[in-house]
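Residue strings, one per chain:
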Amino acid sequence: MDAKAEAPRKQPLYFINGPVDFALVGGLSIAIYFLIHILYGTHDPRLDPGVRTATDPVVVAAQRLLWICNWPHFAATSYRLYHSRDNIKQYPLTALVIPWLVLAGVFASVLYPDTIAPMFILTFMLWSPYHFSGQTVGVSLIYARRAGFNVGKVERLALSTFVFGTYLFTAMFVHAKGNTLPSYWGIAVPALGLPVWLWVASETVMYFAGIVLLLCVVRWCIQNRRVLPLIVLLPSVAQYCWFVSARDWPTFNEFVPFFHSMQYLLIAWSMQLKEKLDLAQNQPQPVRTPFAWAVWAGSLAVCAWFAYDLLPMPESFSAPMRGLATALVFGLYAWASVSLNRQKIRPSKQYVIFETLRWFEMNILFGAILFFIFPMALTKFFGVKPFLALGVTAAAVQIHHFFVDGVIWKLKRKTVSSPLMVNIDDLIHPTSDFGSGGMPVPALSGAGAGVGVGSMPVLERKA
Amino acid sequence: MKPPRFALALIFAAACAARFASSAEPRIADEHIILHTIGGDVVLALYPDVAPETCTQLLKLVKLGVYDTTYFHRCEPNFVLQLSTPDFRLVRMTDEQKSAIHKIKAEFSDIKHTRGILSMARSDGDVNSAETSFSILLGDAPHLDRQYTAFGKVEKGMDVVDGLVRVPRKKGTTEPIVTLLLGRAEVVDAATLATMPLRGPEPILVPNTMELDEGALAPSDEGIASWSASRRLVLSSLALVVVIGLIGFLLATKISQRTLLFVNLLNILVGVGMLFLLLTSTGRSLVHLEGGPGAALSDILSESARAATLGMAGVIIVALLGVIFTRGTPKMLSSLNLINVLIGAFLMFVMVVPVTQTSSALAAGVFLAVVSLFKLMGQFEAG
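Taken in sequence, the protein lines are chains A and B.
Here the working numbering is used: the first residue of the first sequence is 40, the next is one more, and so on.
Here the working numbering is used: the first residue of the second sequence is 68, the next is one more, and so on.
Isolated chain A (complex conformation) (with noise of 0.2 Å):
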């Protein structure tokens, strides 16, 4: 095990700065449990009849963190493995195969809805908490690296164990014999009936793990004289929160779909304005794929739908003065979004401001498209279950990330220098050496290595 540390570090620890950073790996989340906690007590509110208006404001506030948050994750990751030829190219199978792939699945699920469709939707239920755990291990490592906390082989194997073992233990109560699942948009989805001693294996596992964990840190700060920073193990302890301390409590496992696409997003987002950049630099004249402009367009058409179905309007408008206001509304989202696409890309506030406008938007909607639109297609067009629908999309759009999200972050680009080390202040302020590469260029070896599909990268230092 090499437990030292680099030499003296220039790279920055933080993507945006500590209390953001802190917040969206992690922190935001371990406050919103203690603070669900301090509310409600042990008392599941959505359980308990006594404090039934006090839930409803949660529930609610999960459901509309969906489309702000959750679903555009979703819609990043198809986006950045579609928006560009060169990346279609790297990963043929995932971009064109595994989409019909999943589409069968669909079909099948939508036909059999007795025998495919709980399986498919089982499928989707274990990966999901599999593919939190691969990327807690990742932003881990990615804040590791930053951090100047070089992790070895047991290092690596005992965060990989105590991460993925709060994966076995949630997993392992869930399918534990005599269990029963809930049902997931009115689906039947049956428990394997796992024996109760696995359950209790790996928690001991997990423990261990954690320990061993805890003195290989404590090792190098002793090293190092230099307390680790606290953000390396961030990522592990939320997700021990998650998955282990409120296993049960369905109030606030609403939430954690939503701090799972927070570390995402921030990543995500980090490496959009960085790569952009980059691009720039060499190549002005970005080529976009016809999925980046059907995109779009599907953007426009949603927004059209939005403003005119779902805007809120006096009853007492007319019919003539409903379609000027939604031709307003229309229009200066097609205005906004026009120019958006029209900034100029180089370093400055305002490339990060309307950058991240144009990218959140753009996935918001997509998002709708994914989680909103077609399920309803599928109910309109083809006579499906609207609950049915519903169940299976999800199912289906969350099994595709999963795929996608394996090869994602195995991107290389020479073009690109080294997204994943970036800091607000290389987006913000123009350098000498902006888009030559100028930090050190780290090779991404993406899931596969040590930690599982469904991970964030992890960096491994060119020898």
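Quick caveat, the hints were computed from the structure, so don't treat them as lab data.
Check before you lean on any hint, since a few could be wrong.
[Unchecked claim] Using 25 Å as the maximum straight-line C-alpha spacing, the simulated PhoX-like pairs for lysine-lysine come out as follows: (1) B:K130 <-> B:K172; (2) B:K172 <-> A:K449; (3) A:K192 <-> B:K442; (4) B:K130 <-> B:K223; (5) B:K321 <-> A:K449; (6) A:K216 <-> B:K165; (7) B:K398 <-> A:K128; (8) A:K449 <-> B:K398.
Computed from a predicted structure; not experimentally measured.
Since the structure of chain A is already known, use the hints to place chain B on it.
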């Protein structure tokens, strides 16, 4: 000597009064209990004058959330639908909830155990052992009269109860094959109830096995050991697809292109063989069961067998791609084989999961295989 007419009239009047008194409905409490079940909402009315202690205790338990995430574990058509005790509910009870549970004294009455009546469950040897579990009567059960505490009736939602009862049960038991979940129970007063929208009855989706045999269409609880030769043959074929795919995936970079071509051809062979099995012999065996001679193929094959057919078609297509792109990169060829592993493994998953509850070892094996496959997916399209 003739009895005086007025005496006869008195006897008749007394008999009528007694009859009227026994058939008159007891007073219903203002507070009602609503059970939000997987199949819709059921409204329970309570008889506080008949079983005061039982009603008070039940209202207290409902308000504390004791019944939330319990389920109906016993279903006997025309007899009872019984709620499980909260010890087995989905979410563990809090200390406060646990401490609120105690034994309730029997409160026997003249209320007849007829359809829709609520009756407390208890231990066989102890009439004062009722705690939380109660049954909804689905038909007349006079043998329960004055033996069990009747404390109320289903006021609305008997059609929801009937829907729950229609869910098939595990072979030879009274346990439904899916969890008839009671997500939440709540207490509402009559005024609120009058304006409250109620859910249901809603259809309950029942998972099916990949049943290829005559007989049960619902998952059996006998495990794989009892499966017929055809089901075991299908499972073995799928296992073969997975093994061949794994060989192709793991050895793609180490074996020659010719050997890899052979691996893909082998998978095509297995796929075609299984398609033949699914479309011919299995189909014929099901003609007798479902379709009758001359029925369309879609009618002949069971839902699960059709799903397997679709999956095997996918295996063949992917293996064909592997043959067509024999000169492709090892990364692509190995990943194509991994897709076949996925398809085969998913179909095995569909077949085996419905019986994993019968064997802990099988359940553990399935879970570990699934996690291993997730891990393996990290190598998909890896360079």
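How the hints compare with the structure:
1. B:K130 <-> B:K172: holds, 20 Å
2. B:K172 <-> A:K449: With Cα atoms ~68 Å apart, K172 of chain B and K449 of chain A exceed 25 Å; violated.
3. A:K192 <-> B:K442: holds, 18 Å
4. B:K130 <-> B:K223: holds, 20 Å
5. B:K321 <-> A:K449: holds, 23 Å
6. A:K216 <-> B:K165: holds, 22 Å
7. B:K398 <-> A:K128: Given that 25 Å is the threshold and the Cα spacing comes to 13 Å, the pair holds.
8. A:K449 <-> B:K398: holds, 14 Å
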